[in-house]
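Asks: Generate coordinates for the entire structure from the input sequences, incorporating the hints supplied.
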Amino acid sequence: QAVVNPENTLFSVKRLIGRRWNDAEVQRDVKWLPYKVVQKGDGVRVVMNGKEYASEEISAMVLQKMKTDAEAKIGEKITEAVITVPAYFDDSQRQATKVAGEIAGLKVSRIINEPTAAALAYGFDRKKDEKIVVYDLGGGTFDVSVLEIAFDTATDQNTVEVRATNGDTHLGGDDFDQVIIRWIVEEFKKQEGIDLSKDVLAIQRIKEAAEKAKIELSSAVDTEINQPFITSDANGPKHMLLKLSRAKLEELVSELVEKTLEPCKKALADAGMKTGDINEIIMVGGMTRMPLVQSAVEKFFGKKLNVTVNPDEVVAIGAAVQAGNLQGDIKGELLLLDVTPLSLGLETLGGVMTKLIERNTTVPTSKSQIFSTAADGQTSVEIHVLQGEREIAEGNRSLGRFTLSGIPVAPRGIPQVEVTFDIDANGILSVKAEDKATKKEQKITITATTNLSDEEIEKMKKDAEAHVEEDRKRHALVEARNMAESMIYTTEKMLKEAGDPSKSTGQAKISDEDKKAVEEKIEALKKLKDTEDVEAMKKAGEELAEAAQKIGAAMYEQSKQAAGNAEQGAPEEPKEESKEEPKEGEFEEKK
Numbered sequence: 002q003a004v005v006n007p008e009n010t011l012f013s014v015k016r017l018i019g020r021r022w023n024d025a026e027v028q029r030d031v032k033w034l035p036y037k038v039v040q041k042g043d044g045v046r047v048v049m050n051g052k053e054y055a056s057e058e059i060s061a062m063v064l065q066k067m068k069t070d071a072e073a074k075i076g077e078k079i080t081e082a083v084i085t086v087p088a089y090f091d092d093s094q095r096q097a098t099k100v101a102g103e104i105a106g107l108k109v110s111r112i113i114n115e116p117t118a119a120a121l122a123y124g125f126d127r128k129k130d131e132k133i134v135v136y137d138l139g140g141g142t143f144d145v146s147v148l149e150i151a152f153d154t155a156t157d158q159n160t161v162e163v164r165a166t167n168g169d170t171h172l173g174g175d176d177f178d179q180v181i182i183r184w185i186v187e188e189f190k191k192q193e194g195i196d197l198s199k200d201v202l203a204i205q206r207i208k209e210a211a212e213k214a215k216i217e218l219s220s221a222v223d224t225e226i227n228q229p230f231i232t233s234d235a236n237g238p239k240h241m242l243l244k245l246s247r248a249k250l251e252e253l254v255s256e257l258v259e260k261t262l263e264p265c266k267k268a269l270a271d272a273g274m275k276t277g278d279i280n281e282i283i284m285v286g287g288m289t290r291m292p293l294v295q296s297a298v299e300k301f302f303g304k305k306l307n308v309t310v311n312p313d314e315v316v317a318i319g320a321a322v323q324a325g326n327l328q329g330d331i332k333g334e335l336l337l338l339d340v341t342p343l344s345l346g347l348e349t350l351g352g353v354m355t356k357l358i359e360r361n362t363t364v365p366t367s368k369s370q371i372f373s374t375a376a377d378g379q380t381s382v383e384i385h386v387l388q389g390e391r392e393i394a395e396g397n398r399s400l401g402r403f404t405l406s407g408i409p410v411a412p413r414g415i416p417q418v419e420v421t422f423d424i425d426a427n428g429i430l431s432v433k434a435e436d437k438a439t440k441k442e443q444k445i446t447i448t449a450t451t452n453l454s455d456e457e458i459e460k461m462k463k464d465a466e467a468h469v470e471e472d473r474k475r476h477a478l479v480e481a482r483n484m485a486e487s488m489i490y491t492t493e494k495m496l497k498e499a500g501d502p503s504k505s506t507g508q509a510k511i512s513d514e515d516k517k518a519v520e521e522k523i524e525a526l527k528k529l530k531d532t533e534d535v536e537a538m539k540k541a542g543e544e545l546a547e548a549a550q551k552i553g554a555a556m557y558e559q560s561k562q563a564a565g566n567a568e569q570g571a572p573e574e575p576k577e578e579s580k581e582e583p584k585e586g587e588f589e590e591k592k
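When you read off a place in the sequence shown, starting at 1, and then add 1, the result is the number in the working numbering.
Please note: incorrect hints may appear among the correct ones.
Calculated cross-link-like contacts (lysine-lysine; reagent style DSS-like; alpha-carbon spacing at most 27 angstroms) [what the hints assert, rightly or not]:
id : residue 1 : residue 2
1  : Lys463    : Lys41
2  : Lys244    : Lys213
3  : Lys528    : Lys516
4  : Lys497    : Lys517
5  : Lys356    : Lys441
6  : Lys249    : Lys191
7  : Lys66     : Lys474
8  : Lys260    : Lys304
9  : Lys132    : Lys305
10 : Lys68     : Lys78
11 : Lys356    : Lys437
12 : Lys66     : Lys52
13 : Lys249    : Lys213
14 : Lys539    : Lys494
15 : Lys108    : Lys78
16 : Lys52     : Lys460
17 : Lys517    : Lys527
18 : Lys266    : Lys305
19 : Lys239    : Lys32
20 : Lys527    : Lys540
21 : Lys266    : Lys300
22 : Lys368    : Lys444
23 : Lys444    : Lys433
24 : Lys527    : Lys551
25 : Lys190    : Lys213
26 : Lys517    : Lys528
27 : Lys78     : Lys66
28 : Lys52     : Lys41
29 : Lys32     : Lys52
30 : Lys191    : Lys244
31 : Lys356    : Lys368
32 : Lys528    : Lys540
Distance ranges between label pairs, derived from CB positions [to be verified]:
id : residue 1 : residue 2 : range
33 : Lys32     : Lys440    : 45 to 55 angstroms
34 : Ala438    : Phe152    : 43 to 53 angstroms
35 : Glu256    : Leu202    : 25 to 35 angstroms
36 : Ala155    : Val353    : 45 to 55 angstroms
The set of hints was computed from the structure by calculation and includes no laboratory data. We put the beta carbon where it would ideally sit given N, CA and C, even for glycine.
Replies: Below, the structure written as structure tokens:
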């Protein structure tokens, strides 16, 4: 599908969720994504079959498919979910993920960080104190978290505390693929003098070949990239045949692997630990199967990696553990203490950022601080909420702005405005500003930067629900048509056999009247088969099955009678004693 229809096949939408159009990462992705990405307001939309979709909407489709599959498996309706996100997702990305869950018809009970979920899965049954690192390199994002697992024998309580987290929400398997794709395009250009970089279909084929080569080189030392008829010129079709060794691949991606180690250093420093303090290193995400990644992480920490967990499943298992914990299904106590990945604050006089909540603060949390006016007679203040680590406001991510007005006229520095930052267990922020003199207040809950209004979200929810019903109807229609096709074919075959003269009587096995009745039922079902009336199709199918059953019974009776007549009328042939020796493979009767 991706090869024949690259412009309408979506992937890596997670890289766009909660992002602004002018984000450097979005502008970088737009250049290599085969599908169309456009601006809407400050946000981003993807275009599929001429229609624009928000990234939350696409994510909701994925969640809805998972929800439907899970419901089919367990036989119960699913209404709530725990959703995992990269630890380094900012507030907007978390909020957008929550919106995606709502569009899919789910109440999002909790959003937890992927490395934290992995630690939950790993530490769930372990009855000892440990310091662990979760190194999570997935398809589009990289996170590293330092966690402490503490077990209290008196209360049978397991506490999983995140001490620090760091990462890059734009570093993952996609970036490794892009490096390989660029190498393939350059090598082919050297060989054939043809630049494939602008050929969308060729690039999609090369992308699949690059992914395949990357996976194969995790277990093999070299691989072949073979793409026949990749393009053509005046001399005819051109075929691609390249060899890629593991050594060459490691040379190509070494910079990306090295890039993951800096966040490891920062996370350890923030946690106040050294590499020697770490007991276990858990590897999460498909990219951690790459030997170069494993050896680089082993070398950095000076310790063998823990490979007892499945890197593709461990995060989902951890989310299930947290869901069980929230529902009260976990035996003993399980306490999860997560952190906020980036500092939160507001812009103050001179364009500087004043931090209220430092990064790696345990959530949920709340922090208040008193601010004042910057000019005489100022009656309102603008609160500009920021997230990031830069001292200058413009170097950080803007999460939102709101104004507190109605402040009594007074010299600057006299009014007192209390600003409170509140982060819930999902890592989602709300901010309140209150004038201490008048008790007037203004609140804001940070929403996703894709600017989806409540009306748009409601519309998307309804669209998603409509698609579920549409899919169910389509499935029922396909099943009914398949049943009709099968029944028509089987009955027509049976009718032909029934109409053939019997060897014993020389007559047809059924009467013309019965045959005509069945033929009428077949014609009725044939007419309905191409309609969309599932119930009418089922009814006609049942009627045909009933008529066919009568024919089958009549044929069986006639065959039974014919067999009985043959048995009675046939003379018995004299048996000759065999003089042959038993042959190999035959049985000789023992007497």
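Asks: It remains to establish, for every hint, whether it holds in the given structure.
Replies: Cross-check of the supplied hints:
1. Lys463 - Lys41: holds, 21 angstroms
2. Lys244 - Lys213: holds, 13 angstroms
3. Lys528 - Lys516: holds, 19 angstroms
4. Lys497 - Lys517: holds, 12 angstroms
5. Lys356 - Lys441: Answer holds: Lys356 to Lys441 is near 23 angstroms, not above 27 angstroms.
6. Lys249 - Lys191: holds, 17 angstroms
7. Lys66 - Lys474: Given that 27 angstroms is the threshold and the Cα spacing comes to 15 angstroms, the pair holds.
8. Lys260 - Lys304: Satisfied, since the Cα-Cα distance of roughly 20 angstroms is no more than 27 angstroms.
9. Lys132 - Lys305: holds, 15 angstroms
10. Lys68 - Lys78: Roughly 9 angstroms between the alpha carbons, so the hint for Lys68 and Lys78 holds.
11. Lys356 - Lys437: holds, 21 angstroms
12. Lys66 - Lys52: holds, 20 angstroms
13. Lys249 - Lys213: OK: Lys249 and Lys213 at ~15 angstroms, within 27 angstroms.
14. Lys539 - Lys494: holds, 20 angstroms
15. Lys108 - Lys78: Roughly 13 angstroms separates the two Cα atoms, so the pair holds.
16. Lys52 - Lys460: holds, 15 angstroms
17. Lys517 - Lys527: Since the Cα atoms of Lys517 and Lys527 sit roughly 15 angstroms apart, the hinted pair holds (cutoff 27 angstroms).
18. Lys266 - Lys305: Roughly 18 angstroms separates the two Cα atoms, so the pair holds.
19. Lys239 - Lys32: With Cα atoms ~26 angstroms apart, Lys239 and Lys32 stay inside 27 angstroms; holds.
20. Lys527 - Lys540: holds, 13 angstroms
21. Lys266 - Lys300: Roughly 13 angstroms separates the two Cα atoms, so the pair holds.
22. Lys368 - Lys444: holds, 14 angstroms
23. Lys444 - Lys433: holds, 4 angstroms
24. Lys527 - Lys551: holds, 20 angstroms
25. Lys190 - Lys213: Holds, at roughly 21 angstroms.
26. Lys517 - Lys528: This hinted pair holds, its Cα atoms lying about 17 angstroms apart.
27. Lys78 - Lys66: Given that 27 angstroms is the threshold and the Cα spacing comes to 13 angstroms, the pair holds.
28. Lys52 - Lys41: Roughly 13 angstroms separates the two Cα atoms, so the pair holds.
29. Lys32 - Lys52: holds, 20 angstroms
30. Lys191 - Lys244: With a Cα-Cα distance of about 14 angstroms, the restraint between Lys191 and Lys244 holds, given a limit of 27 angstroms.
31. Lys356 - Lys368: holds, 10 angstroms
32. Lys528 - Lys540: At roughly 13 angstroms apart (the allowed maximum being 27 angstroms), Lys540 and Lys528 satisfy the hint.
33. Lys32 - Lys440: 45 to 55 angstroms: holds, 52 angstroms
34. Ala438 - Phe152: 43 to 53 angstroms: holds, 51 angstroms
35. Glu256 - Leu202: 25 to 35 angstroms: holds, 29 angstroms
36. Ala155 - Val353: 45 to 55 angstroms: Between Ala155 and Val353, where Cβ atoms are some 48 angstroms apart, the hint holds.
In summary, the structure agrees with every hint in the numbered list given earlier.
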